[in-house]
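> What follows is the residue order along each chain.
Protein chains: 2
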Amino acid sequence: MATTSKPFVYWGSGSPPCWKVLLVLQEKKIDYDEKIISFSKKEHKSEEILELNPRGQVPTFTDGDVVVNESTAICMYLEEKYPKVPLFPSDTTIRAKVYQRMFETSNISTNVMEFVQYKMKNKDSIDQVLLKEKKDKAHVELGHWENYLKQTGGFVATKEFTMADVFFFPMVALIVRQGANLKDSYPNIFKYYNMMMDRPTIVKTMPPHWAESDSPGNLLDLC
Amino acid sequence: MATTSKPFVYWGSGSPPCWKVLLVLQEKKIDYDEKIISFSKKEHKSEEILELNPRGQVPTFTDGDVVVNESTAICMYLEEKYPKVPLFPSDTTIRAKVYQRMFETSNISTNVMEFVQYKMKNKDSIDQVLLKEKKDKAHVELGHWENYLKQTGGFVATKEFTMADVFFFPMVALIVRQGANLKDSYPNIFKYYNMMMDRPTIVKTMPPHWAESDSPGNLLDLC
Numbered sequence: 001m002a003t004t005s006k007p008f009v010y011w012g013s014g015s016p017p018c019w020k021v022l023l024v025l026q027e028k029k030i031d032y033d034e035k036i037i038s039f040s041k042k043e044h045k046s047e048e049i050l051e052l053n054p055r056g057q058v059p060t061f062t063d064g065d066v067v068v069n070e071s072t073a074i075c076m077y078l079e080e081k082y083p084k085v086p087l088f089p090s091d092t093t094i095r096a097k098v099y100q101r102m103f104e105t106s107n108i109s110t111n112v113m114e115f116v117q118y119k120m121k122n123k124d125s126i127d128q129v130l131l132k133e134k135k136d137k138a139h140v141e142l143g144h145w146e147n148y149l150k151q152t153g154g155f156v157a158t159k160e161f162t163m164a165d166v167f168f169f170p171m172v173a174l175i176v177r178q179g180a181n182l183k184d185s186y187p188n189i190f191k192y193y194n195m196m197m198d199r200p201t202i203v204k205t206m207p208p209h210w211a212e213s214d215s216p217g218n219l220l221d222l223c
Numbered sequence: 001m002a003t004t005s006k007p008f009v010y011w012g013s014g015s016p017p018c019w020k021v022l023l024v025l026q027e028k029k030i031d032y033d034e035k036i037i038s039f040s041k042k043e044h045k046s047e048e049i050l051e052l053n054p055r056g057q058v059p060t061f062t063d064g065d066v067v068v069n070e071s072t073a074i075c076m077y078l079e080e081k082y083p084k085v086p087l088f089p090s091d092t093t094i095r096a097k098v099y100q101r102m103f104e105t106s107n108i109s110t111n112v113m114e115f116v117q118y119k120m121k122n123k124d125s126i127d128q129v130l131l132k133e134k135k136d137k138a139h140v141e142l143g144h145w146e147n148y149l150k151q152t153g154g155f156v157a158t159k160e161f162t163m164a165d166v167f168f169f170p171m172v173a174l175i176v177r178q179g180a181n182l183k184d185s186y187p188n189i190f191k192y193y194n195m196m197m198d199r200p201t202i203v204k205t206m207p208p209h210w211a212e213s214d215s216p217g218n219l220l221d222l223c
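These protein sequence lines are chains C and W, in that order. What the first sequence shows, in full-length UniProt numbering, is residues 1 to 223, in sequence order. What the second sequence shows, in full-length UniProt numbering, is residues 1 to 223, in sequence order.
Keep in mind that the hints are not guaranteed to be accurate.
Unchecked claim - Listed next, the in silico EDC-like pairs over lysine to aspartate or glutamate satisfying Cα-Cα at most 16 Å (straight line):
hint, chain 1, residue 1, chain 2, residue 2
1, C, LYS35, C, GLU47
2, C, LYS204, C, GLU34
3, C, LYS137, C, ASP221
4, W, LYS81, C, ASP91
5, C, LYS81, W, ASP91
As the list claims (entries may be wrong) - With the Cβ distance kept under 10 Å, some of the chain W side facing chain C (calculated, not the full set):
hint, residue
6, MET76
7, THR92
8, ARG95
9, VAL98
10, HIS144
Derived from the structure by calculation, the hints contain no laboratory data. By construction, the Cβ of each residue, glycine as well, lies at the ideal position given by its N, Cα and C atoms.
Can you build the whole structure from these sequences, using the hints too?
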């Protein structure tokens, strides 16, 4: 178990929930300790993790006596415990927009990742009608986000970086790594992606194994 | 579109996300207007809803100029906009527990509902090995919640009703309706269920069609 009184996070490379937590820690300039676990060695099922998180999942997070393991719960806890660099605007109406975009990102997992997973699992027996249906859904989903970014002209919920970007960006990075070519069909998402890739907290928290291994290929060919 | 300055919610009977929003409105004693839509008539895809929510889903929610449609975002907005009856404790450490349980409920959908859905979809061709696997998962999941309730001796995150109960109770009610017999294996969840069924806000927000139609049967036979 972590023998520190600083916030401590166990995380695995490439997991969007872990990435969210790292991003909040970095954006808020919180002094923390960490341990990277290997999914392939099943270290998330180690006794060290299970003692803190009976589900055997990462992120697993402690801060003194506080143990929180759901990534969204960790993000909310950090926002409230370390308010110096807020990731929410103060106005209730604008906060509502931030919450809306934060929780709306789960649709990207469903609607875009399903297309990727269908292609991965059915390499030799793709049903072209089903594939087109899933691709259309992915396009509709990305269309929503393209519009949101066009409206703000900046980050995903407002002109400023907020908690909504913490939730949204890892999904965008994931779909780019899966082979999405955003440039032509989704110019605002593409612009956002490039802007974020220059952000120091993103540079610092990019999944380390992405730099070491090739992307899985053009699974998200959306043309 | 809603022609009211009061909070206005479009909702459908039996949808846990809709139920969460109604529960928050009722618990916080907020004066609101509502419109019940019929899923079978596809009213969630009506122009009236699509104008406010391009995803064509309920809940769809407005409060003056504010439009929020993700159920969790609506709950957080209501908590902040109408703080008179708080659904979160003030202490950051205890709030962390509330957040943890709120977001942990998504595991019930995955681990318990998958068992139900497998049985529904494969009535005539059930693979007993796969069925046992899914049943074991459901038991592990319910075991977590049984423990949590044993620890608090009251509601799901603390001794008091909190936002975590808003997220958790609709899932419990759903699994009971699907046929789960909690009494013997999960006495603390069973006790919690019965306590909540007497709560005025629950009585008031129970899915109306549940009173009119039979439950789908013993799909969650966990013995």
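> Evaluate each hint against the coordinates.
Comparing the hints with the structure gives:
| no. | hint | in the structure |
| --- | --- | --- |
| 1 | C/LYS35 with C/GLU47 | holds, 14 Å |
| 2 | C/LYS204 with C/GLU34 | holds, 14 Å |
| 3 | C/LYS137 with C/ASP221 | holds, 14 Å |
| 4 | W/LYS81 with C/ASP91 | holds, 10 Å |
| 5 | C/LYS81 with W/ASP91 | holds, 10 Å |
| 6 | MET76 | holds, 5 Å |
| 7 | THR92 | holds, 5 Å |
| 8 | ARG95 | holds, 6 Å |
| 9 | VAL98 | holds, 8 Å |
| 10 | HIS144 | holds, 7 Å |
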